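J.: Residue numbers (this note's numbering), protein chains in the order written: chain P, 302 to 976; chain Z, 767 to 1134.
Some clues are possibly wrong.
Take a look, some chain Z residues computed to stay more than 10 Å from chain P by CB distance [to be verified]:
| no. | residue |
| --- | --- |
| 1 | Leu796 |
| 2 | Leu916 |
| 3 | Gly956 |
| 4 | Ser981 |
| 5 | Gly985 |
| 6 | Glu1027 |
| 7 | Ala1044 |
| 8 | Lys1078 |
| 9 | Ala1118 |
Among the chain P residues that face chain Z by a calculated CB cut under 10 Å, a handful are [claimed, not checked]:
| no. | residue |
| --- | --- |
| 10 | Ala491 |
| 11 | Phe627 |
| 12 | Ser634 |
| 13 | Gly640 |
| 14 | Ala641 |
| 15 | Tyr780 |
| 16 | Asn957 |
Since the hints were derived computationally from the structure, they do not count as laboratory data. Keep in mind it's a predicted model, so treat the numbers as computed, not measured. Where is the CB? At the ideal position from N, CA and C, for every residue including glycine.
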Amino acid sequence: MDFMLSALPALGDAAGMIFQPLVLAYLVLGVLMGLAIGVFPGLGGIAGLSLLLPFMFGMDPILGLALMIGMVAIVPTSDTFTSVLMGIPGSSASQATVLDGFPLARKGQAARALSAAFASSLYGGLVGAAFLTVFILVARPIVLLFRTPELLMITLFGLSMVGVLAGRVVLKGLVAAALGLLVGTIGEGASSGALRMATYDTPYLMDGLKLVIVGLGIFAVPEIVALLRQDRAISDRPTLGGGWLRGVRDWFANIWLSTRCAVIGVIVGVIPGLGGSVVDWIAYGHAVQTTRDKSRFGSGEIRGVIAPESANNAKEGGGLVPTVLFGIPGSGSMAIFIGALGLLGSGDIEVGPSMISTHLDMTYAMVWLLAMANVVGTLLCIGASSWIARLTTVPFALLAPFLFMIIAFAAFQSRQDLMDLVALFSVGLLGILMRRFDWSRPAFLIGFVLANPAETYLNQSMQIAAARFTQGLAEGLHYIFSPIVLVLIVITALSVFFGLRQARAIRSEGDVPGGAKRAPMLFLLAITAYVVAALANAAAIPDFAWRDRVFPMAIAIAALAGCAILIVQMWRAPAGHELFADREIDPSEQNRHGLWETLAWFAGLLVLTSLVGFILALAVFLLLFIRYRAGRSWGFAGLYTAAGIAFICALAWSLNRNFPPGLLQDLVKLPWPLT
Amino acid sequence: MTIMTTRRTALALLAAGTALALAGPAAAELDLSGKTVEWVIPFSETGGSAKWANFYAPFLSEELPGKPTVVVKFMPGAGSTKGANWFQQQSWEDSQGTLIFGSSGSTQFPYLLGDPRVRYEYRDWNVVLASGTGGVAYLPPDLAARMNGLDASPLRDVNFIYGSQGATQLDLVPLLAWEMLGLKVEPVFGIKGRGDGRMMFERGEANIDYQTSSSYLGGVAPLVEAGKAVPMMTWGALDDDGNIVRDPTFPDIPTFKEVCEATPGCETSGDAWAAWKAFFISGFAAQKMVFLPKGAPQEAIDTFTAAFARIKARPDFRKAAANILGEYPQMTGPAARKAFEQAITVPPSAKAYVLDWLKERFGVTLDQ
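With the hints as extra help, turn the sequences into a complete structure.
T.: Rendered as C-alpha cells:
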C-alpha cells in the first residue's frame, strides 16, 4: 500500500492544479475547438493538435495541458455525430457505432441514438479515469508483460471479431476479411521493404492505402450514394421519435454492458502498439455475444451503440499509459501530444518513468482533465443532439454535395496528392459493390486495419522466438506460450466458436434478397482475380525479402480457397439463393436514380479537379448539382456554392492546408485557395 | 501580458538591429511581412523532425525580416523521399522565400546509397542551417558486465536481438559498428520508431539498442539510473579537425572508436572504419538541415542564415534547446556548408563497402 501513500497527496495537488477558473476556461476552449473539428469526418485529434502546437511553446504547462486534453478527449465523442447521422465513421474509434447508430437515425431515432452514445461516452471516460488513477501506479511492470507474442494474440483476437460480423453467408465474410488483409499489405513490406502490389513507378501505392481513405471509401461513399439515389431525407419518418431523454434511459438500462466495455476500452488502450483501431470492434462483438436476442443488431439495436461508445472514450484514458509512462504514442494524436509536452513551460516535462516518480501530480492532472473534458463535452453534445438530429430530415440532395466536399478534403489530407481522391473513389466503388452484393464491409475493414500489426508482430515474434529456441527448447516455448498468450488463445477460440455460430443471426448490413446469378458472380470473379494477382505478385518477391512474402501469400492462398468454394457454390445454387444477394432488386431501397448516373457526378468532380484544381471544380460541381440534381433555382444554387466554398476555405485556412491542384495549376500560377 | 509584450518588442528591436549589423543592406531587400513561410518536413507529424521544426518555427517567425508566419507542413511518404522529390520540383522564382525544406539523415542515406526512389539532388539546394546530434548504444546490465573493460570481444557468443527500422536507414550506423566489433546482432525489422525499439529492450525481447541523444536522455537515462540498462558507447562527436572525440553531452561514456581500439579484431583504419565514419558523419554530424529551393539568390541565403544565427544567440533559445535538441552544434554559414558537404559526400570506396555489406548481410540491392 506504499504507493497509495504517495498517490493521495499527488491527487490533492492535481485537484489544486485543475480547479482554477483559468484552467477550466482553457479546458472548455479546448473542448469547443475539438468539437468544431471532430464533427467533420476524417479530421480529428491530429489536425486539431497541429493547430494548437505553435501556441504551446513556453505556455504554462497546466494551461497547455488543459487546452490539448480538452481537444483530444472530445474527438471520440463528437465524431459520433457523423457516425450516427450520416453513416460515416468520424474516426477509426467509431467505426462500429455506424452499424447500429445509422439504422436508428434512419428510423427517426437519431436523438435517442446520439444521447445514448454520449451518455456512454461520458460514463466510459469517467470509468476509464477512475481505473487509471489506481492502475497507473502499477502499470509499468504490467505493460511490459505484453511482448510481441501477446500483441500478436490481441491482434488475432481483434480479427476474430470478423466471425461475429461475417454476415449471412459466413464464407463471404471471411473472404471479405481476407481481402481487407490483402489490401492492407499493399506497399512496402515492414520487414525488408519489398513492394507488394506496387512498383517504384507508382509512388502513391508504395506507402499503402491510409485508414482514413479506406474508412471513408468503404462506409461513407456507399451510404452517400445510396441515399442520393433514393432522393429523400436520411430519416424515413417526417417527425423524430424519441428525444434525448430516452437515449439516456437506454444507457442506464445497459449500465453493466457500458461498464464492461469501458474496462475493455481502458485495457486495450493501455497496451501500446494497437491503439484504438480494434477496441470498438471488440466492444461491439462483446455486446453481440452477451445479448440474448441478436436479431436486431445491424438494424438498430441500441446496445450496438452503447458498447463501442463506452469503450472508445475509456480507451483515450488508457492510451495515456503508454504515452506518458513510456513515451510510446498509442495514436497519431498522442504522438503530437508527446511532442507538445516538451514545448510546454521550461521544457522539463519529459514523458517517461519520471511522470510517476517526480511528476505524479502532473500525471493525475492529465487523467482528471481528461475526465472533466468528457463531462463538459458530453453535456454540450447531449444538449445539442436534439437540434442536430434534425439534420436527418433535410432532403439528402442538399446534404450530399456538402458531405462529399468534406470527405474529399479529409481524404486529401492523408497524402496531399490528387491520387488521394482517386483512391477514395476507387475504394468507394468497392464499398458500393460490397454493399450491393452483401459482402461484409465491417469484416473488410477489420482485416484492413489489422493487416499491418498482424504481419509485423507475426514476423517479429517468429524472429525473436527463433533466437530464443537457439538457447533451448524450453526458452523458446516459454517465450511464445506465456500465460497471457494462453489465456488469449482460449478467449479467441471461444470468440470464434460462438461468433461463427451466431453470425447468421446478425445482419450487419440488414436483409438483402437474393437475385439473378450474373452480377454477384461477376463481382466474385473480380475479387478472385485480384486475389490471384496479389498471390502472383507476392510470390515474385525475391528470397532475401522472404519475410515480406509469407504473410500476403498465406492470406491470398486462404482467400483463394474461399473464393473457389464460393464459385462452386454459386455455380450449383439456383438464382434467388441467399448467395446471390443483390440490393439492386430490393424494393425497400426505392431507388429513383441509377447507380452510374449518381456516380458520374462524383467522377465528374474528380476529373474536373485533375484539370482545374479542387476549388474551381468544386464550384462548378456544387452549382450544377444543386441546380439540376436537387432541382433548386440558380439563385439558391449560387448561394449554396458560395457558402460551401467559403466554408471549406475557412476550414483549410485555419488548419493551414492546401487543396488538390490540377493541370491548370501547372500552367498558370494562381493565388490561394486556387493553387 | 504587458511584460511579455515589452519583452517581445525589445527582442524584436534587438533582432532588427542585429539584422542590419550582420547582413547589411543587401539582405534587407527580402521582406516577408504579411507572408507565410511554409516549412516542409518530409515525415509525419509524429517524428523527431517534426519536434525539431516545431521547436524552431516560432523563433524563425520572429527573426525573419517582416515577421512572417512560419508554418510546418508535413509531407510524409516513401521514407521521406516523396517530400524530397517534391521539393526538387520547386524553384525560388515561385516561392520567393516562402518555402523552406527540412531534411534528415533518413533523407541523406537513400541519396548516398543510390536508392531507386531518389529523384532529388542535394547540390541543387541551399543550406541555411545544419543541426547535429549523437547516439548512444546500451546493453542490459548482465551483458554489460561481461565486457572486459572496453574490450567487447567477450560478447561475441551472445545472440543479440535489435529492434530496427531498416538496414538502409540510420540504423546502418549501429548495425555496422556492432558488426565491426564482431557481435552477432540480428535486427528485427518492422518497428515504427526508435521508441518502439526501446520498448522491445525494456520488455526483454531485444538485448541491445541505441537511441539518438535526446531520446536517450529522456527514455534511457532513467533506466540506467534504475539499474536496468548500462550505456555501452556513444558514436562520438567530431572535433574541428574531423577527429572523433567524446560526445560533449555524454563526456563519461566511451566512444565507439575507443571500444573498437580496445577490442581485438576491430580496426580504426581501413575500409570498414572509413565507411562507418563516413556514414556516421553523414547521419549524425549534420543530421537535420534546412534548405532554400534551387535558384535562391545569395541575399536570400544570407537573410535566412542571419535569421538562424540570431535565433542561436537568443538566451531563451539556448535554454530550451538544451532540453529539446541536446547539446549539439546548430550550424549556420560556413560551418553549415562544411557540415553539408560532409553529410552528402561519402568516398566511393565507403559507398561500395556499405553496398556490398548490405547485399551480403541483408540481400538488399539498391544501386541498380
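J.: Evaluate each hint against the coordinates.
T.: We went through each hint and held it up to the structure:
no.	hint	verdict
1	Leu796	holds, 19 Å
2	Leu916	holds, 26 Å
3	Gly956	violated, 4 Å
4	Ser981	violated, 8 Å
5	Gly985	violated, 5 Å
6	Glu1027	holds, 29 Å
7	Ala1044	holds, 23 Å
8	Lys1078	holds, 17 Å
9	Ala1118	holds, 19 Å
10	Ala491	holds, 4 Å
11	Phe627	holds, 6 Å
12	Ser634	holds, 9 Å
13	Gly640	holds, 5 Å
14	Ala641	holds, 8 Å
15	Tyr780	holds, 8 Å
16	Asn957	holds, 5 Å
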